[in-house]
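Top line first, the protein sequences correspond to chains A and B.
For the first sequence, the residue numbers in this note's numbering are -3 to 350.
For the second sequence, the residue numbers in this note's numbering are -3 to 350.
Mixed in with the good hints there might be a few duds.
The list treats identical chains as one, so a pair stands whether inside a single copy or across any two.
Pairs of lysine-lysine residues, derived as DSSO-like cross-links and limited to a Cα-Cα distance of at most 30 Å, are as follows [claimed, not checked]:
| no. | residue 1 | residue 2 |
| --- | --- | --- |
| 1 | Lys94 | Lys225 |
| 2 | Lys165 | Lys335 |
| 3 | Lys297 | Lys158 |
| 4 | Lys158 | Lys1 |
| 5 | Lys1 | Lys335 |
| 6 | Lys1 | Lys112 |
| 7 | Lys94 | Lys335 |
| 8 | Lys1 | Lys225 |
| 9 | Lys1 | Lys96 |
| 10 | Lys335 | Lys38 |
| 11 | Lys225 | Lys112 |
| 12 | Lys96 | Lys165 |
| 13 | Lys335 | Lys297 |
| 14 | Lys96 | Lys158 |
| 15 | Lys112 | Lys96 |
| 16 | Lys158 | Lys335 |
Hints in this document: simulated from the structure, not taken from any laboratory.
Single-letter residue listing:
Number of protein chains: 2
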Amino acid sequence: MTELKNDRFLRALARQPVDRTPVWMMRQAGRYLPEYRATREKAGDFLSLCRNTPLACEVTLQPLERFPLDAAILFSDILTIPDALGLGLYFETGEGPKFKNTIRSAADVDALPNIKADVDLDYVMNAVSTIRSALNGSVPLIGFSGSPWTLATYMVEGGSSKDFREAKKLAYGQPDVMHRLLDHLADAVIDYLNSQIKAGAQVVQIFDTWGGILSGWAYEAFSLQYMRKIVNGLIREADGRHVPVILFTKNGGQWLESMADTGADAVGLDWTTDIGDARARVGDRVALQGNLDPTMLYAPKERIREEVGDILRRYGSGPGHIFNLGHGITPEVDPEHAKAFIEAVVELSPEYHR
Amino acid sequence: MTELKNDRFLRALARQPVDRTPVWMMRQAGRYLPEYRATREKAGDFLSLCRNTPLACEVTLQPLERFPLDAAILFSDILTIPDALGLGLYFETGEGPKFKNTIRSAADVDALPNIKADVDLDYVMNAVSTIRSALNGSVPLIGFSGSPWTLATYMVEGGSSKDFREAKKLAYGQPDVMHRLLDHLADAVIDYLNSQIKAGAQVVQIFDTWGGILSGWAYEAFSLQYMRKIVNGLIREADGRHVPVILFTKNGGQWLESMADTGADAVGLDWTTDIGDARARVGDRVALQGNLDPTMLYAPKERIREEVGDILRRYGSGPGHIFNLGHGITPEVDPEHAKAFIEAVVELSPEYHR
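Same shape as in the complex, but just chain A (with noise of 0.2 Å):
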């Protein structure tokens, strides 16, 4: 295998010293870059851009040439294990993803098939394995997969929900249809996220976009059990290194003593949580990653600079700290924003590694 030459970011998980803070951005290859709209283009839609490997090659390595990022993140969507489960995966703009077909019975889960992520993914593990050849060792790759819990909500739903009524009235009303769902799914994510070490992954992060919406009992019985089976079922090791996992639940910032608790490498943090408040809870057990509010991007360069200062002194001295966004960038940001918040993460973090 080629060199790492840039290890910041798997140091950083492993809690090991470092000379800077590593900083990565979800979504870093997304619409607010020209380069990438004009790739989408090419492509034709979204889903076509997923599928289809140099051009998701290119987008993905776009982020990097423009700025000193620590990580790659493979450019896919959350939502291709609910595709490949037949549901029929589509985008409407400004909508937000929708499925064809939805799961709101026991012989709707009875009826999903038993996926193989090597075949029936495939695209996937071939961005996978090109995006790990094109980076050559410069920076490590991060693999995802939506969490079992934010699947379902959208196979249910499915699309986005404002009350997300239809999943709760599964959960609440059947819950043991929801577990079945559930339990599918996290054996999917399981082969899924393998395969994509397999591939090529030197990370993986799951995406648990939707837990913040429950009841803390809810959101152990309903996501994170199934996210600690993803811990627990996953390949650790690769390349005789370590494979970290990070696991992200937005608006999780009531549980984080419990995400910790799950084995996984890090926690994702959003905004809303102090990082600092946030370090004291989960002591040595995980890194963390976080945790600039990306509308914080939409303000002036100084006060992007000035807020990842305020992040860096409230995380401290020492390592396991990854910066990141507290959430994807969005569309509309100038690009010169996220490079001024990416420039003071390099500049400024030193002196917590000192």
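Fit chain B to the given chain A structure using the hints.
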């Protein structure tokens, strides 16, 4: 004044012993009730209903005729103040509230008029006094307002928003302008709630629907600070009774301690926070109001009852709990399920008050 026949709610707010846990529901006068829909039809639209004193009174009382509720809440909207400030509130079907004008600059803020609630929102005061009279001491009447931050988000965005980027652009980029707006709104809310108290409101609640989209420091700076100012500016005694204040920040579970330190009598919890943990965190400082997931009302009645039992058990014995939903009841709920919820509180809670 008419003697208050049921003071269970006021006693619980004062953390005094009660025979059972009091219960009411946010948005209890609402579209889930067929009789509400019939009255609204007569009024025309939602805003006409708010402005029609006899009909606003009628819908306020409707849920009390059906269910053994321990409080009535003024039928109105959280956005009456911005409307009175000249922003032109209107509702588009299925789209939520909108404003014809927005506030985006220092000049916009400086041009806002000073309003007097007695004059400019006289229809609200007429509703309060009429409802108070009509209640005839059966249960206490709750008045309310949106929090300054919540009002500001709608005023800056011109409606609701997914990421509140315009409000945050102003808050992060021109904090002095945002603070001037918030201060103006805090003064207006103080006058508005004091007028409601003078007109007959016996409890007031501040709805901070959008405080939870902020980082911890920003919640303190842009939302909590102004709610604290309001608490300090309110009339706290009327008719020889203390007038309790309830603070409710949706997604505010990470900041309960600082909410409890504002001088408010109670903190409202959405459903994401475990009420037992919340009680341990705030101790004897405040009463707690909440916190059934409103979506639980779509579950079978036995499941609703079980969940009520769980929440009572988590809160534990002794006073200081007001049962409520964690957010407003939604239009599609079967009133029989709302009834099952309220009856479960009535039947299961006495054992925690022996």
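Tested hints:
Proximity of Lys94 and Lys225 under a CA criterion of 30 Å is satisfied intra-copy only: 27 Å inside one chain copy versus 44 Å between copies. For the homomeric pair Lys165 and Lys335, the shortest alpha-carbon distance between copies (18 Å) is at most 30 Å, but the shortest distance inside one copy (44 Å) is not. Taking the shortest Cα distances, Lys297 and Lys158 sit within 30 Å of each other only across copies (23 Å), while inside one copy they are farther apart (33 Å). Proximity of Lys158 to Lys1 under the C-alpha cut-off of 30 Å is found in neither arrangement, the shortest distances being 44 Å within a copy and 39 Å between copies.
When the C-alpha separation of Lys1 and Lys335 is checked against a cutoff of 30 Å, the pair qualifies only within one copy, where the shortest distance is 22 Å, while the shortest distance between copies is 64 Å. Taking the closest pair of Cα atoms, Lys1 and Lys112 never come within 30 Å of each other, the shortest separation being 33 Å inside a single copy and 66 Å across copies. In this homomeric assembly, Lys94 and Lys335 never come within 30 Å of each other (Cα to Cα): the closest approach is 32 Å inside a single copy and 35 Å across copies. With identical chains, the CA atoms of Lys1 and Lys225 are never at most 30 Å apart, being 32 Å at best within one copy and 54 Å at best between copies.
With identical chains, the CA atoms of Lys1 and Lys96 are never at most 30 Å apart, being 44 Å at best within one copy and 55 Å at best between copies. In the homo-oligomer, the alpha carbons of Lys335 and Lys38 lie at most 30 Å apart inside one protomer (26 Å), although the nearest pairing across protomers, at 57 Å, exceeds that limit. With identical chains, the CA atoms of Lys225 and Lys112 are at most 30 Å apart within one copy only, with a shortest distance of 18 Å there and 59 Å across copies. In this assembly of identical chains, Lys96 and Lys165 lie within 30 Å of each other by CA distance solely inside one copy; the values are 20 Å within and 37 Å between copies.
Within a single copy, Lys335 and Lys297 get their C-alpha atoms as close as 9 Å, which meets the 30 Å cut-off; across copies the closest is 54 Å, which misses it. Within a single copy, Lys96 and Lys158 get their C-alpha atoms as close as 19 Å, and across copies as close as 24 Å, so both meet the 30 Å cut-off. For the identical chains of this complex, Lys112 and Lys96 are intra-copy neighbours only, at 22 Å inside a copy versus 53 Å across copies, given an alpha-carbon limit of 30 Å. In this assembly of identical chains, the alpha carbons of Lys158 and Lys335 lie at most 30 Å apart only when taken from different copies (24 Å versus 33 Å within one copy).
In terms of the numbered hints stated before, the structure departs from hints 4, 6, 7, 8, 9, listed from lowest to highest.
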